[in-house]
Amino acid sequence: MAIRTRMSGNEALAEAIRQINPDVMPAFPITPSTEIPQFVSTMVANGEVDTEFIPVESEHSSMSAAIGASAAGARTLTATSSAGLAYMWEVVYVAASSRLPIVMAVVNRGLTGPLNINAEHSDSMGARDSGWIQIYAENNQEAYDNMLQAYRIAEHEQVHLPVMICQDGFITSHAVENISLLEDEPVKKFVGEYEPQHYLLKEEEAMAVGPYAVSNYCMEAKKAQAEAMIRSKQVILDVAKDYEQLSGRSYGFYEGYRLEDADYAVVAIGSVCGTTKDAIDRLREKGVKAGLLKVRVFRPFPGEEFAEALRGCKAVAIMDRAESYSGQGGPLGAELMAAMYRAKVQAEAVNIMYGLSGRDVRVEDIEKVYADLQDMAENGKTFAQYPYLGLRE
Amino acid sequence: MAALTEIRWHGRGGQGAKTAALLLADVAFNTGKHVQGFPEYGPERMGAPITAYDRISDSEIRVHSNIYEPDYVAVVDDTLLHSVDVTKGLKETGAILVNTEKSKEEIIPLLKGYQGKVYTIDARKVSEEAMGKYFPNTPMLAAMVKISGVMDTEVFLKEMEASFAHKFAKKPEVLEGNMKALRLALTEVR
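Keeping their order, the protein sequence lines are chains A and B. Quick note: the first sequence uses this note's numbering, first residue 1, plus one each step. Quick note: the second sequence uses this note's numbering, first residue 1, plus one each step.
Everything labelled a hint here was simulated from the structure, so no lab data went into it. Virtual Cβ for every residue (Gly too), placed ideally from N, Cα, C. Take every hint as true, because none was put in to throw you off.
In silico DMTMM-like pairs for lysine to aspartate or glutamate, Cα to Cα no more than 20 angstroms straight-line:
| no. | chain 1 | residue 1 | chain 2 | residue 2 |
| --- | --- | --- | --- | --- |
| 1 | B | K167 | A | E48 |
| 2 | B | K88 | A | E364 |
| 3 | B | K125 | B | E188 |
| 4 | A | K368 | B | E69 |
| 5 | B | K104 | B | D85 |
| 6 | B | K88 | A | D360 |
| 7 | B | K91 | A | E364 |
| 8 | A | K188 | A | D238 |
| 9 | A | K188 | A | E48 |
| 10 | B | K88 | A | D365 |
Derived Cβ-Cβ restraints for the label pairs, each shown as a range:
| no. | chain 1 | residue 1 | chain 2 | residue 2 | range |
| --- | --- | --- | --- | --- | --- |
| 11 | A | K381 | B | T79 | 46 to 56 angstroms |
| 12 | A | S250 | B | E101 | 49 to 59 angstroms |
| 13 | A | A206 | B | A162 | 52 to 62 angstroms |
| 14 | B | T93 | A | P387 | 31 to 41 angstroms |
| 15 | A | R4 | B | K158 | 15 to 25 angstroms |
Put together the whole structure using the sequences plus the hints.
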């Protein structure tokens with residue numbers, strides 16, 4: 001039976017962790033993810049979980065300890081944000097290339113500077129090429145649901161890759177909202193016991209993790225890693241299907257909201273999608289065929305599926321909450337436009353920068369985006385690539 | 001009550017405005033509502049102005065923006081009236097609640113011509129009388145429930161008692177003081 005309650009996104013994440021009861025969690029506090037290790041260490045102290053909590057001296061150490069624990073054969077977890085993720089940088093790649101199924105709760109916050117603590121995707125987007133699977137949430141419910149699915153994906157024999165479970169700093173991590181939780185037993189049964197095939201503490205099998213690879217072998221290892229990322233697509237869908245059986249909530253690579261017959265679509269990631277849904281309902285009442293493609297999985301990038309879902313649209317706004325400083329827009333814009341080009345999806349497209357450093361986005365702001373899309377499609381209005389939404393002039 | 005009620009809290013860091021907002025979300029949830037309670041974070045310091053928000057609704061809440069046109073505003077510290085535009089966007093059909101020892105007549109001129117209802121409460125007096133200490137958020141919470149009508153005050157008291165009983169299981173005297181503050185606040189708001 002579902003447990004209806006209310007909690008913040010960080011509490012929801014911690015509740016999922018309590019139910020999963022992972023073996024090891026090394027972590028170092030950083031706003032706005034600090035509460036997650038704080039809650040988990042309290043659970044450890046209260047004997048609610050038997051997780052080995054390791055208070056380390058930095059994020060480079062938390063990821064290093066996570067790599068050690070995961071390589072040894074333990075189900076491993078950490079959490080971080082912003083500069084903490086940046087400080088892990090070197091070893092974030094090591095975790096993925098060593099094919100370790102670590103799960104990291106990322107509470108998205110911008111990278112400095114100017115120094116700021118609020119929501120932005122520049123931290124995890126910066127790590128988009130590190131070889132981690134990335135799954136994003138709109139609200140506390142999705143953060144919880146995604147967390148429960150994470151180990152099934154990461155540990156799958158066809159995958160063996162680490163997973164980031166991302167949510168927007170403060171906007172969802174610190175907002176108390178209604179949520180529906182699952183009971184402990186069905187969750188434990190769904191997630192299952194971790195029984196790794198290969199691990200350092202396995203007596204009958206000597207192995208090395210993370211040794212030097214000469215050029216004659218290194219490229220093959222990278223190709224194998226890339227193949228695993230591609231294989232993870234089917235696993236993500238299969239796990240989501242099983243999860244739907246359990247929870248009644250369905251997940252995929254994306255959520256389409258009134259997208260099927262939409263003339264104008266917004267493509268976005270995270271909490272802004274809820275705001276966008278409200279804007280869509282207002283516009284639909286006025287007869288504007290507005291829709292949303294909410295990106296859930298960013299790594300692997302389901303470009304073909306996204307492009308196909310947008311095929312019938314006249315104009316598309318691709319929203320990025322992270323600058324690339326490329327002069328060409330943001331990461332979602334660049335990757336989705338490339339995918340649309342390959343799929344010969346001919347909709348007009350504009351890449352919009354929004355919500356940087358926590359800049360608030362209102363329903364009215366999104367309505368303006370749709371008005372601009374209409375203007376593009378109907379009156380041939382062109383935009384200098386790429387606009388900033390809600391910028392103070 | 002309208003399908004959606006939006007409330008904005010102004011306080012100073014350390015006074016519990018965020019706690020009050022989260023408590024209100026909590027108790028509204030317990031009466032079957034969809035809720036959203038969240039603070040607006042900046043460089044937090046004791047004494048710096050802070051803002052927190054509540055959305056209370058009969059249906060699912062999806063929007064994730066701050067609140068610009070609230071139905072109600074609570075001001076936990078009347079010194080904020082000089083530095084923060086507390087009535088900004090406040091609906092004239094709504095109301096503002098100010099924690100102050102001053103009279104309503106002294107407060108109204110500081111509200112930039114706000115035409116809606118104005119309520120005051122001396123939360124210090126209520127808090128010190130009921131709990132022996134100054135915690136403005138407990139009386140402010142009760143006063144907000146009363147002026148906004150987001151729930152029946154009897155239901156509110158019952159829910160709060162259950163929640164305090166859980167929270168202060170080992171400190172029954174704290175429960176009593178808090179309940180007394182809530183009841184007193186319901187009559188002291190004017």
